[in-house]
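Novice: Chain by chain, the residues run as shown.
Protein chains: 2
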Amino acid sequence: MATSTQNPVRFGIIGCADIARKLCRAINLAPNAVLSAVASRSLEKAVSFAKANNFSTEAKIYGSYEGLIEDPTIDAIYLPLPTSLHVKWALKVAQNKKHLLMEKPVAMNVQEFDEIVKACEENGVQLMDGTMWVHHPRTAKMKEFLGDAERFGQLRRIHTCFSFAVDPDFLKNDIRVKPDLDGLGSLGDAGWYGIRAILWAADYELPKTVTALPGPVHNEAGVILSCGASLYWEDGKVATFHCSFLENLTMDITAIGTKGTLHVHDFVIPFQENEASFSAGTKCFFNDLVTAWTPLPSEHTVTADLPQEVCMVREFSRLVGDIKNGTKLERKWPIISRKTQIILDAVRASIEKDFTPVTVQW
Amino acid sequence: MATSTQNPVRFGIIGCADIARKLCRAINLAPNAVLSAVASRSLEKAVSFAKANNFSTEAKIYGSYEGLIEDPTIDAIYLPLPTSLHVKWALKVAQNKKHLLMEKPVAMNVQEFDEIVKACEENGVQLMDGTMWVHHPRTAKMKEFLGDAERFGQLRRIHTCFSFAVDPDFLKNDIRVKPDLDGLGSLGDAGWYGIRAILWAADYELPKTVTALPGPVHNEAGVILSCGASLYWEDGKVATFHCSFLENLTMDITAIGTKGTLHVHDFVIPFQENEASFSAGTKCFFNDLVTAWTPLPSEHTVTADLPQEVCMVREFSRLVGDIKNGTKLERKWPIISRKTQIILDAVRASIEKDFTPVTVQW
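As they're listed, the protein sequences go chains A and B.
Anchor point for the first sequence: position 3 equals -9 in the working numbering, and the numbering is continuous, going up by one each time.
Anchor point for the second sequence: position 255 equals 243 in the working numbering, and the numbering is continuous, going up by one each time.
Chain A with its partners taken away, still in its complex shape (with noise of 0.2 Å):
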């Protein structure tokens, strides 16, 4: 039997982070998940964030980690906790046989992140990380119309940017500027999305080469605050990416085939809810003078019915209900989630080797 309102996964919460409270709201607007349990290490934190959020007189509040990972009424767990603390938790989770949806950067090197991936697949659980945007139907629009050898053509190049302007306390007091939390600084965090944006522009195909740009930000103390890289397939691909804390909310995707130009201002979070659009134009040219274009590309527009973080949600939970069921691990979204982390460390080895080009090995 399949996850449904009836038979909902039950989803415990470690640790009371912001982006916590944007997975409180998904969960319970998900039609196959329900809000169970939540866990700090403060019992009062822990009580607070569940009033704040619309858990349930149900739920179970815990002043431990511990407590709600070895609760066993409780199938998954959402784990937002700073980067470093990932692998430990997470290998006490999938230890407790519990499924995963791990917050971004999934780990703080490839390293960690196979321990975690090993400990799910050996105790049976799934493993997928939160990054949302890639659930939003107007993404599968997109990869449609990336995919149309009429429309597009071959995939050349790709450039994304992923930038935000934090402000002096963040820079200051953020766990994503603190070597001992959210080490990967600005690569982990905005740069997880545009390099995810750039394999799935390529259909999560590696590059052979990743080259740090010039000019990377790093704190005092070694966190990076803003970078930049390109990637080189061996077809002749190439992809540029900016990642950073430093500059105005910026949010792209550029792709160019052959034949196809796609844009996108707005792919990690939708400029609205409810909504979503691109830019999609095919065999565009001049006209006879060169004084236009001929013809316009043209606007995309894609309702979303649910928020993308509740698509990733179901997803998720429909998934764990397969496994319910007998159905074997879905092997795609940690595979993803690898590769993404793969260019993170190729992207710091390259800063570190002074910019010089790093190969990519799965």
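Don't take every hint at face value.
Any copy will do: because identical chains look the same in the list, a pair fits if it lies in one copy or spans two.
Claimed, not checked - Pairs of lysine to aspartate or glutamate residues, derived as EDC-like cross-links and limited to a Cα-Cα distance of at most 16 Å, are as follows:
#: 1; residue 1: Lys10; residue 2: Asp276
#: 2; residue 1: Lys271; residue 2: Asp155
#: 3; residue 1: Lys247; residue 2: Asp155
#: 4; residue 1: Lys80; residue 2: Glu109
#: 5; residue 1: Lys39; residue 2: Glu303
#: 6; residue 1: Lys85; residue 2: Asp310
#: 7; residue 1: Lys196; residue 2: Asp6
#: 8; residue 1: Lys48; residue 2: Glu58
#: 9; residue 1: Lys131; residue 2: Glu46
#: 10; residue 1: Lys129; residue 2: Asp191
#: 11; residue 1: Lys341; residue 2: Glu263
#: 12; residue 1: Lys316; residue 2: Asp293
#: 13; residue 1: Lys76; residue 2: Asp102
Honestly, the hints are just simulated from the structure, not real lab data.
With chain A's structure known, arrange chain B on it following the hints.
Specialist: What follows is chain B alone, placed relative to chain A:
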């Protein structure tokens, strides 16, 4: 007395290139210019070109470039010859005291460029390159936004792209794929615009280094069909560009500041001739639950009373009229052209030096 409809700048055109058709129309539409002569190595071709491009019955038709260059009634020459011929003919034009509107790229390299500038300065004639988009009224509006400390802040990232997909005949026969004609290929053609746009956004401050991106495509004769580079300034600004003959028509500038973001998708040739738009985001951030943007970027539309190439001819003719009346040469335009040419040279040098950074010097 300044130029006017009573006293217009008398233009001669050397060579019957396709692009010259557009300039004929522009000269005819400009209030302070008149289409007075055309020269081709074939008189028949010149006659037929003049007929097809609305030359008046008084216009002179020459079967040799020298004839036109030596005509004392001509004030200014538009030179759309292949790049490799620029230095030879530009020098003759300048030596005959004719002002010079040059198709881009101005020269094959900075050394040639400097010969042209020297000849123009020695002979008191104005030099301007034929980059039309910088004369569009939208460009001034976009620059206003980039220069606004409150709305845009400090410029930190620029990405530009200009690609168009040519047909097999172009790849075999166009002058832009011939090493002895427009030997700079896609870099000199499309790349000129993308590099100019980066310099324009950076207030024409030269970067410290230029590093070619991996994956340039050359044809069998060694001409660049597709390439890209990153530019790095000492203050931390970083730019990337891509130019190509091999992908669908795409014309992007993305400029990101600490407080604002500019997007334009038709910067070289606006989608339509009578108006042009750009998007400007200012202090964009997320709503509390990070499910939407606030505020949204806004779209700005600028009406073009005259096509951008007419604005260019009008500005060039205004300078020529001023010079006739004793004003000095306007050095701004040759300086901007030279900086563009310097970056072209640096991209080629970096490709030759295995994609290592090339230091940029004025």
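Novice: Does each hint hold? Answer for all of them.
Specialist: How the hints compare with the structure:
no.	hint	result
1	Lys10 to Asp276	between (52 Å within a copy, 10 Å between copies)
2	Lys271 to Asp155	between (43 Å within a copy, 11 Å between copies)
3	Lys247 to Asp155	between (42 Å within a copy, 11 Å between copies)
4	Lys80 to Glu109	within (13 Å within a copy, 76 Å between copies)
5	Lys39 to Glu303	neither (26 Å within a copy, 67 Å between copies)
6	Lys85 to Asp310	within (15 Å within a copy, 82 Å between copies)
7	Lys196 to Asp6	neither (37 Å within a copy, 41 Å between copies)
8	Lys48 to Glu58	within (12 Å within a copy, 93 Å between copies)
9	Lys131 to Glu46	neither (41 Å within a copy, 58 Å between copies)
10	Lys129 to Asp191	within (14 Å within a copy, 39 Å between copies)
11	Lys341 to Glu263	neither (43 Å within a copy, 48 Å between copies)
12	Lys316 to Asp293	neither (29 Å within a copy, 65 Å between copies)
13	Lys76 to Asp102	within (13 Å within a copy, 64 Å between copies)
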